[in-house]
Amino acid sequence: MRLVLAAAFAAALAPGLAAAASGKLVIYTSQPNADAQQTVDAFTARHPDVEVEWIRDGTTKIMAKLRAEFEAGAPQPDVLLIADMVTMEGLEAEGRLTAYPEADVSAYDPAIMDPEGHYFSTKLITTGIMYNTAAPMVPTSYADLLKPEAEDRIAMPSPLTSGAATIHMATLTSNPELGWDYYEALADQGANPQGGNGGTYRAVAGGEKLYGFVVDFLPIRNKLEGAPVEFVFPEEGVSAVTEPVAILSTAKNPEAAKAFIDFLLSPEGQQLAADQGYLAAHPAIDPPDGFPPRDAIKLMPFDPAAALADDEKNKLRFVDIFGG
Amino acid sequence: MTAAEAAAARRARPAPRASRLIPGGEGLAFAALLAFVAGLCGAPLLLLLEVGLGDGLAPVAKALESGSVRRALWRSLESGAASALLATGLGTALALAIGLTDVRAKPALVFLVLLPMMIPPHVTAIAWIQALGPGSPVLKPLGLAPELGATHPLYSREGVILLLAVQHSPLVFLAVRAALRALPREMAEAARAAGASGPRVLRRVILPLIAPALIAGFALAFVSALGNFGIPALLGIPARYITLPVLIWQRLASFGPGMLEGVAVLAFLIACVAAAAVAVQGLLARRAKAVLSGPPSAPLDWALGRWRPATEAGVWAVIALTLVLPLGALLGTALVPTYGVDLSVETLTLRHFREIVFGQSVTWRAFGNSVLAAGGASAILAGTALGLGAFLARGGARGRAAGAAAGVADLAYAVPGLVISIAFILAFIRPLPLIGVSLYGTLWIILLAYLAAFLAIALKPVGAAVAQLDPALDDAARVAGAGWGRRLRRVFAPMTAPAAASGAILVFLTAYNEVTVSALLWSSGHETVGTVIFNYEDGGYTTLASAMSAVTVALTALLMLLLDRLGRRLPPGVVPWR
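Protein chains in written order, with our numbering: chain A, 1 to 324; chain B, 1001 to 1578.
Among these hints, one or two may not hold up.
Derived pair list, reagent style DSSO-like, types lysine-lysine, alpha-carbon separation capped at 30 angstroms [claimed, not checked]:
#, chain 1, residue 1, chain 2, residue 2
1, A, 298, A, 147
2, A, 147, A, 315
3, A, 313, A, 298
4, A, 24, A, 252
5, A, 223, A, 298
6, B, 1062, A, 315
7, A, 147, B, 1140
8, A, 147, A, 223
9, A, 258, A, 24
10, A, 223, B, 1140
11, A, 147, A, 313
12, B, 1062, A, 313
No lab work stands behind these hints, which were simulated from the structure alone.
All chains should be built: construct the whole structure from the sequences, respecting the hints.
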């Protein structure tokens, strides 16, 4: 129902805008299934002549698939819509992305857009702290997780598995107040990085652990359904992955790909993201239910190019501290 | 006629008539089998190796210098061997209890022992984590759940080994049971008549005779554990107990341009371990070989007398632990609004089941695809295994070549499914020569990958049966003038059909719930059951994943019942639980 409304809303607001796109458009995305389906449905409602084929999988598997396709010399997708900017920076450095400098990004924070228009952030998926409501201590800052109550009670996704965790690590360790000392202190607390965000969420919601670093929408959405969890935007700020979208240099249908990017960046596309329970990248879109007002969410500074350059070094240091 | 006389007769008549009528029929079939194995199991992996080791073995030496690689290698060996030992013990005990004695409700028992295999390994792991965790829907109402925040007991080396053993004991069970079926009962009965006690007959007659099956079962469990990803990923990572497949996954997650090389090098290491295991198995199997013959006979049912209740209680306890506990947890999770909510009359909801059964068209599509791909693979592989088995049974150049083909199949099985997935993209993304169509993005590529990945499973029981086969039978038929095709149909196939059938069923069950082989090969419209469940789980929809798993188990049970009906028309020993 929400989907039909969103589509109708989109169609009503922008009649006759960029209706020329047609043909087959192949999208590889790491959005959850239902969200990806809604996004595609809303897009095809606007562009009925485009036939969208999409594949959804975790960023790791999508990238593994794409790497094998590169190796075989036959990459399939036109558009990539994945979790983080660092991966996009890497693809850009290899010349795998086509720039689309004409895209309208005037309303957005330039820090989350590629200056040459190789990729475009579509939402803000922040990583903060979640806790089980049975926990004795309610954390309000990263420093709180170093208290004795949290010892051996902390779950966190591993940067070796999760893109969001990689960016969280790069953000926190480059922050002068926290730095690598904080990660070393976490290891002393018995924190045990494992798997992805889903695993961390499960561990805290199921009570195996009481605190965890996790992406915002998992606890916020599930809390609305009655899960015994709570999400905290820590005082120091949150890190964010921005679910960027990009056109591959090997795209077979660049016109439809551009139309897809225009749609995601339009106020309608951004409203759809908010309706799905995400913080939209567009600053004028209200946060969804369960989120604090936008000005209460503090993003910590993050430099994707530097994070890419330091990626290997950071992960090695991480393995040193936590033993892989 | 003795074997020596038969061999002499063979020398006297080197060219049987029928093979003259169909020139090269046997040679043609043999060449086709070898091409099948080389093209599907060998070529894609070689392509991947080319990516990583195109310039020689230096990257392997470099990888072995890394502490994390050496640790992962050791842990793969350790968890593989320990879990295979446990699985062999458990699977054999169950097979002996059900196959040799007069416990009641045998068909139901076999059915229930096999059912845990239907659940994808990562779902099994999640179900066990839920079942023994602080939020356990099974233990919490009983007041037995561990305290909140306590370190989970399964997050340990022992947890990984235990679950791998539970997951793979049905493999051993089926292999041993097939061997028991093929065992002529005369020997055991003769020993009993001569006054030997049950345990003594077991020790001195039965176990030595089924030794090849025990070794095959152990090897199968070991190689399966070596390639398993779901269990060490979910239980090992939190315990920092990283095995090679998990290390490969972490390399995949590094996304960089050098990723494929790193993956290829690690896959090469796993393949080496598997090759060594296969070589050792071959050596042991030759030593343990016991030649006997006889058609599949009615199963033995020794009267246990006063031991029967205890034995039955033991078997049912194993089933309760390996099936009811995790399935209960799964069901408990599928019935609450969101993961973490306690199950009670107020919170109970059926909406996840409604969503899976009526809301998501992908559910039924995935079942259709998995049944087609797994069913097709098991039928084709049963035939392939019979064909290869016929050559395995004989010495000479062809026997050795067939043995080599079986070795290649073992390697393809031991390499983690994700690696097969990548290798198949490299091999099949381009349009095929001659027909000019690419299989990438169709169900066919998944079927082909199943054929490559699971040939070893189909071959193991047949290989064990062949090892027990008395070559005198084949020789006698040959002397009587039967051609190759006729001997295959009338002598070889009837003797090995139960083994081939249990191999086919193993393939079906393994392929039906696998999640790694199709991980990178599925596409919209061509999803498999495993990938759909994994995607729900991965996207944070734990409750939907649990509901889908529960529906999967129910549908599989239905499918097995259907097979059971069909089984009435099939020769004895083909459907394993009849």
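Worksheet item: Within a Cα-Cα threshold of 30 angstroms, do residue 223 (chain A) and residue 1140 (chain B) meet the stated pairing?
Response: holds, 21 angstroms
Practice prompt. Starting from residue 147 (chain A), check that the Cα of residue 1140 (chain B) is at most 30 angstroms away, please.
Written response: holds, 28 angstroms
Item to complete: Below or equal to 30 angstroms on CA atoms is what counts here, so check residue 147 (chain A) against residue 223 (chain A).
Response: Roughly 25 angstroms between the alpha carbons, so the hint for residue 147 (chain A) and residue 223 (chain A) holds.
Worksheet item: Taking 30 angstroms as the top limit, are the C-alpha atoms of residue 24 (chain A) and residue 252 (chain A) close enough?
Response: holds, 9 angstroms
Fill in: Hint consistency between residue 223 (chain A) and residue 298 (chain A) [alpha-carbon to alpha-carbon, up to 30 angstroms]
Distance ~22 angstroms between residue 223 (chain A) and residue 298 (chain A) Cα, so the pair holds.
Item to complete: Mind checking the alpha carbons of residue 1062 (chain B) and residue 313 (chain A) for me, to see if they're no more than 30 angstroms apart?
Response: Roughly 18 angstroms between the alpha carbons, so the hint for residue 1062 (chain B) and residue 313 (chain A) holds.
Discussion item. For a C-alpha distance cap of 30 angstroms, please report whether residue 298 (chain A) and residue 147 (chain A) respect it.
Written reply: With a Cα-Cα distance of about 23 angstroms, the restraint between residue 298 (chain A) and residue 147 (chain A) holds, given a limit of 30 angstroms.
Worksheet entry | residue 258 (chain A) paired with residue 24 (chain A) [C-alpha distance capped at 30 angstroms] | holds, 13 angstroms
Item to complete: Take the C-alpha atoms of residue 147 (chain A) and residue 315 (chain A), compute the straight-line distance between them, and say whether it is at most 30 angstroms.
Response: holds, 26 angstroms
Worksheet item: Does residue 298 (chain A) lie within 30 angstroms of residue 313 (chain A) when you go C-alpha to C-alpha?
Response: This hinted pair holds, its Cα atoms lying about 27 angstroms apart.
Worksheet item: Within a Cα-Cα threshold of 30 angstroms, do residue 147 (chain A) and residue 313 (chain A) meet the stated pairing?
Response: holds, 29 angstroms
Practice prompt. With a cut-off of 30 angstroms on the C-alpha distance, tell me whether residue 1062 (chain B) and residue 315 (chain A) pass.
Written response: holds, 19 angstroms
Checked against the numbered hints given earlier, this structure breaks none of them.
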